[in-house]
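Make a model of the complete structure from these sequences and hints.
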Amino acid sequence: TIYILVNSSFCFSHTIFIASDVVQNHLIQILSLVAMEKPISVNADDIRDEKVRVLRSIEPLTIDDIVIGQYVADPNATNPPASLSYTDDPSVPKDSITPTYVCAVLYVRNDRWKGVPFILRAGKALNERKAEVRVQFKEPHIHLFGSKEGLPRNELVIRVQPDEAVYIKLNVKSPGMKFQTEETELDLTYAQRYKAIKLPDAYERLILDVFCGVQTNFVRSDELREAWRILTPVLKYLEENKISPYPYIYGSRNGPKEADILCKKAGFQYSGTYVWKSG
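Per the working numbering, the sequence shown starts with residue 6, numbered consecutively.
Source of the hints: derived by calculation from the structure; they are not laboratory data.
Any given hint might turn out to be false.
Heads up, simulated DSSO-like pairs for lysine-lysine below, C-alpha to C-alpha not over 30 Å straight-line [what the hints assert, rightly or not]:
1. K183 / K143
2. K269 / K178
3. K143 / K43
4. K270 / K241
5. K200 / K135
6. K119 / K143
Restraint ranges, calculated between C-beta atoms of paired labels, are given here [said to hold, decoys possible]:
7. R134 / V47: 27 to 35 Å
8. R134 / K183: 36 to 44 Å
9. V47 / A207: 15 to 23 Å
Idealized CB from N, CA, C, for every residue including glycine.
Dropping the structure here:
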């Protein structure tokens with residue numbers, strides 16, 4: 006399972022659907038980088054050729070592949086912002102059905118990724134602000150420690166922001182005489198490993214690329230067309246049928262419960278038994 010996650014605090018107009026902004030601009034790009042084959046060189050067009058090849062292998066989203074949500078006030082909160090719903094914002098119409106959350110499941114129709122779900126998730130007013138890629142590995146056929154249901158899955162996590170890092174969360178035998186497992190990680194946190202190096206933020210890097218004429222990190226027109234080909238049918242369906250988003254409480258982990266159902270149906274398993282500690 007490939008799980009691409011963005012818990013955002015982005016501001017966007019009440020007339021802009023989060024899938025048109027965050028998913029199309031950001032998550033589709035991350036998906037293509039994760040799923041692309043090795044390019045023949047690091048030349049900008051060779052890299053973008055492979056990204057386009059991946060996007061052309063993805064079928065357009067349908068209404069069954071997506072869950073949309075809109076946050077509502079936390080009933081236990083007494084102070085803003087948690088005590089306010091999205092429609093409590095003075096700039097938002099009270100009857101707005103603009104989603105503030107989206108979860109979508111896509112499949113790349115090629116030999117390498119056949120049957121592997123790519124889950125894209127983005128939302129406002131969730132419990133964390135982060136952007137990461139989470140690759141979840143299937144269980145082995147033979148389990149040496151415990152039952153198949155007893156162990157969380159191993160995961161490779163690429164943390165984009167904050168605190169750039171790459172780590173593998175895995176189950177290991179606990180130190181000592183007992184024959185039991187615990188979750189730990191093999192961790193490469195950039196800020197800890199490269200303390201003497203200034204790590205540029207995303208826009209600093211892009212502005213430098215503009216000055217240097219480097220196009221690798223910029224979207225080519227055929228990439229843009231393919232991204233919209235994937236998203237446009239479901240966006241049109243949602244708009245024409247005025248589909249209302251599912252409510253979710255401000256500060257929730259994964260938006261509406263319907264999103265958890267969609268992820269579970271795709272094969273993703275959430276354990277909640279381990280929290281990565283940056284630094």
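For each hint, the structure was consulted:
With a C-alpha separation of about 26 Å, the suggested pairing of K183 with K143 holds against the 30 Å cut-off. The hinted pair formed by K269 and K178 meets the criterion: a straight-line CA distance of about 27 Å does not exceed 30 Å. Taking the CA atoms of K143 and K43, the gap is near 24 Å; set against the 30 Å cutoff, the hint holds. For a cut-off of 30 Å, the pair hint linking K270 to K241 stands: about 24 Å separates their Cα positions.
Restraint check for K200 and K135: satisfied, since their Cα atoms lie roughly 21 Å apart, inside the 30 Å limit. For the hint linking K119 to K143, the alpha-carbon distance of about 14 Å falls within 30 Å, and the restraint holds. For the pair R134 and V47, the supplied restraint of 27 to 35 Å holds, since their beta-carbon distance comes to about 31 Å. At roughly 38 Å, the beta-carbon separation of R134 and K183 lies within the given 36 to 44 Å, and the hint holds.
As the Cβ distance of V47 to A207 is approximately 19 Å, the hint placing it in 15 to 23 Å holds.
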